[in-house]
Amino acid sequence: MKSSVFHEINAVVAIAARDITRSLKSIQSLVISLIFPLIFVGLMGETMNQNMGQGLGFNFLQYMLVGMVVNTLYQVTIAGISNLVEDRQNDFTQEIFVAPISRYAIILGKIIGSSFSSLFQLVGLVAIALILNIPLGGWDFVRLLLLSPAICLSAGALGILLVGFVQDQRTAQILMPLVIFPQMFLSGALIPVNHSTGILNFLSHIIPMTYVVDLAKAVFYWRDPAYDKIVMHSPMLDVWVMAGFFFVFSILGTVLFARAERNR
Amino acid sequence: METIIQVENLVKQYRKAKEPAVRGVSFDVRAGEFFAFLGPNGAGKTTTISILTTTLAKTSGTITIAGYDLDKQPKQVRRNIGIIFQNPSLDLELTAEENIRLHVSLYGLYPYRPMYRLMPADYRKRVADLAEMVGIQDHLFKKLKKFSGGMKRKLEIVRSLMHRPKVLFLDEPTSGLDAVSRRSLWEYLKKIRDEENMTIFLTTHYLDEAEGADRVCIINQGRIEMVGAPHELKQQLISRYMLIDAADRDRLRQELEAMQLRFAETDNGFQVRYDGPTPQAIIAQLQTPLSKLEVYDPTLEEAYIRLVTRQEGGMGA
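Residue numbers (the working numbering), protein chains in the order written: chain S, 1 to 264; chain R, 265 to 581.
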């Protein structure tokens, strides 16, 4: 029993390490980690700050930085998990699927690996923040980083659900932007959505990332005078919704993924 | 000899297919045997091997591998098998050694360490020994993107042997390889088989690769057509003959008739079938001086083509 548990943990570590190794070797990831914050925070954020950010009652660039932290962790983790689709097409999953380990170990390893890879991407974001002189917030930022495992788990569960449904890389490439961009704009990660109404308000309430962003902002702006202007829900509600999405998505996604591999 | 793979009434019906890909197949493989599983495209070879290696669910039937039930004990089955897939299943972003390290960690052989030099000495020795055996010892720490098709196959062999499997499945292992790489791959496999004493389950389109098999199983249209040693299959399917000729053809004909042999006279000489006596026994009895002697030994490929085309003819009839 003990050796069986150790075996599963060892497999999880190895699968996660594979993703981390790939991520560290990827020059493309390094370039993206610098370009995306530069575009979103440096260009889009600074423009919005200069033209619309005055009178909000809080530092808009810092608000956007927190959103970008969540967004980076969330999107990079989902993209990492979706590599399973690429592995499937490159026949690499055969190697993993014939190994004497549980399907849950594969998925968990993938989530952890993608999560660490997403953390590396934050380096670029922090560098851009320092260059643009955006206040990181000291301990507030540390608290935010401590929340990162929960952010990555939420994203990982959504990623697993996607690979459970998507069988080929081409479909994944079409579907990914459809999943990523609406969440980026409707969750409040980059732009406040407190005053959204109608369909936009409805959509922002049903997407999982809204609650992740809200919890992250609650943690970052804890005891800040701007807390009430920024945070929409009670942190407990955010936690419960995140937990609900996590269990439903990860269990359903794992079952669908394993079935799709074997039941052709 | 102990049975290591037992397949009974295996059926696989793909979801969107009208006909089953495998229709009630039964066969067994003995421990230490070199078993070749042959058949034309779409015969059900890859489907069967995918089911045996647990990557595809079957529709019905029972399978036991190394004493473990495939349905109830899939992990134990996986622990006892090694696989070289039709398409290389390697991570091209990693080095050769990183691929091996991932494999041994997935099989629980060694605790994962982030660097090669931190891995146990036993692991490093096994990797070095196997890599040397297949000749990739100088490429262990290079990215696979720089590897040729043959080198990737060799790496897959090393990887599949790390956990000392009882059965090694080879699904068209030489497809896409040039003649030199094919030959060297088989030399390594023979060496490994002798040293590790493992069962080899091979599917291939190259029939010459199956000539050295202990037994050959031919599947066609989802059904087993024939199982036996290559020479048995040849005997059953192809008549063996020798071609002889003499300056005095009449005398030779009379001798052949007197010996009650089946023969046909052609422009090139006499085609004499030798299903019973050996060519040597026939020649020893002949008094007529021969001007030509060619012993025709049919190949497995000819026997296979005879069987498959006979089936197709039968289906069409």
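In case anyone wonders, no lab produced these hints; they're calculated from the structure.
Some clues are possibly wrong.
[Stated by the list, open to error] Below, computed lysine to aspartate or glutamate pairings styled on EDC-like, alpha-carbon distance capped at 20 Å:
no., chain 1, residue 1, chain 2, residue 2
1, S, 25, R, 355
2, R, 407, S, 86
3, S, 25, R, 393
4, R, 407, R, 355
5, R, 410, S, 87
6, R, 409, S, 87
7, R, 416, S, 87
8, R, 280, S, 168
9, S, 25, R, 475
10, R, 336, S, 8
11, R, 409, S, 86
12, R, 407, S, 87
13, R, 339, S, 8
[What the hints assert, rightly or not] Stretches of chain R that chain S covers, calculated by requiring three or more beta carbons in the stretch to come under 8 Å of a beta carbon on chain S:
no., segment
14, 316-327
15, 510-522
Even glycine gets a Cβ: it sits at the ideal position worked out from N, Cα and C.
Status of each hint after checking the structure:
At most 20 Å may separate the alpha-carbon atoms for a hinted pair to count; residue 25 of chain S and residue 355 of chain R meet this at roughly 13 Å. Restraint check: the Cα-Cα separation between residue 407 of chain R and residue 86 of chain S comes to about 18 Å, which is no more than 20 Å; the hinted pair holds. A hinted pair counts as satisfied when its Cα atoms are at most 20 Å apart, and residue 25 of chain S with residue 393 of chain R does not qualify at roughly 28 Å. Under the criterion of a C-alpha separation no larger than 20 Å, the hint pairing residue 407 of chain R with residue 355 of chain R is consistent with the structure, at around 9 Å.
The suggested pairing of residue 410 of chain R with residue 87 of chain S holds, with an alpha-carbon distance near 19 Å, which does not exceed 20 Å. With a CA separation close to 15 Å, the supplied pair residue 409 of chain R and residue 87 of chain S stays within the 20 Å bound. A C-alpha spacing of about 17 Å is found between residue 416 of chain R and residue 87 of chain S, which places the hinted pair at or below 20 Å, so the restraint holds. Our distance criterion of 20 Å between C-alpha atoms is met by residue 280 of chain R and residue 168 of chain S, whose separation comes to about 17 Å.
Of the supplied pair hints, the one linking residue 25 of chain S and residue 475 of chain R is violated, its CA atoms being roughly 45 Å apart against a limit of 20 Å. Our distance criterion of 20 Å between C-alpha atoms is met by residue 336 of chain R and residue 8 of chain S, whose separation comes to about 19 Å. Taking the CA atoms of residue 409 of chain R and residue 86 of chain S, the gap is near 16 Å; set against the 20 Å cutoff, the hint holds. Between residue 407 of chain R and residue 87 of chain S the CA atoms are separated by roughly 17 Å; this keeps the pair inside 20 Å, and the hint holds.
About 12 Å separates the Cα atoms of residue 339 of chain R and residue 8 of chain S, which keeps this hinted pair within 20 Å; it holds. Given a C-beta distance limit of less than 8 Å, the hint that chain S covers the segment 316-327 of chain R holds, as 5 residues qualify and 3 suffice. Only when three residues or more bring their CB closer than 8 Å to a CB of chain S does the claim for the segment 510-522 of chain R stand; here the count is 0, and the claim is violated.
In terms of the numbered hints stated before, the structure departs from hints 3, 9 and 15, listed from lowest to highest.
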